[in-house]
Amino acid sequence: MVPDWPFDDPPNVAVFTTRQVMRGEHIIDYVVHDDDDGAWQFLNRAVDFKMANAMLVGLSEMVKRDNSLRELWDLPYGWHAWREGKGQPWHRAKQERED
Numbered sequence: 000m001v002p003d004w005p006f007d008d009p010p011n012v013a014v015f016t017t018r019q020v021m022r023g024e025h026i027i028d029y030v031v032h033d034d035d036d037g038a039w040q041f042l043n044r045a046v047d048f049k050m051a052n053a054m055l056v057g058l059s060e061m062v063k064r065d066n067s068l069r070e071l072w073d074l075p076y077g078w079h080a081w082r083e084g085k086g087q088p089w090h091r092a093k094q095e096r097e098d
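Residue 66 in numbering that gives the first Met the number 0 sits at position 67 of the sequence shown, with consecutive numbering throughout.
To be clear, the hints were calculated from the coordinates, so they are not data collected in a lab. All C-beta atoms in this analysis are idealised placements derived from N, C-alpha and C, irrespective of residue type, glycine included. Just so you know, not all the hints are guaranteed correct.
With a straight-line cut-off of 25 Å between C-alpha atoms, the simulated PhoX-like cross-links for lysine-lysine are [claimed, not checked]: (1) 49 / 63; (2) 93 / 49; (3) 63 / 85.
Just the calculated beta-carbon pair ranges, DEER-fashion [claimed, not checked]: (4) 2 / 51: 35 to 43 Å; (5) 50 / 86: 29 to 37 Å; (6) 3 / 51: 34 to 42 Å.
All chains, please: the whole structure from these sequences, using the hints.
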């Protein structure tokens with residue numbers, strides 16, 4: 000286990016992100032903790048999510064990329080978090096259900 004690991008999920012749990020985030024072209028400014036399966040998504044709001052750009056990586060890779068993600072360790076299922084820019088505070092809210 001990674002020392003001081005705050006998440007309930009293990010460091011190697013697969014999470015969703017985009018190629019642009021992993022290449023450092025965009026910061027992570029939007030995080031979703033899915034209600035139905037507990038999956039994590041680490042995204043950038045300026046980029047339309049397309050499956051062609053999707054990547055699965057380990058949660059610890061995202062935390063290494065942006066240590067502020069540790070603040071979201073307790074984000075409940077069905078909630079999302081966003082921020083205005085790198086170094087800005089994270090805001091949280093329950094997601095509206097899309098039926």
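Hint check results:
For a cut-off of 25 Å, the pair hint linking residue 49 to residue 63 stands: about 24 Å separates their Cα positions. Under the criterion of a C-alpha separation no larger than 25 Å, the hint pairing residue 93 with residue 49 is consistent with the structure, at around 23 Å. Proximity of residue 63 to residue 85 is assessed by CA-CA distance (about 14 Å); at most 25 Å being required, the pair is judged to hold. The hinted range of 35 to 43 Å is satisfied by residue 2 and residue 51, whose Cβ atoms lie roughly 36 Å apart.
For residue 50 paired with residue 86, a C-beta distance near 30 Å keeps the hint of 29 to 37 Å intact. A hinted range of 34 to 42 Å holds for the C-beta pair residue 3 and residue 51, which are about 36 Å apart.
When the structure is compared with the earlier hints, no violation turns up for any of them.
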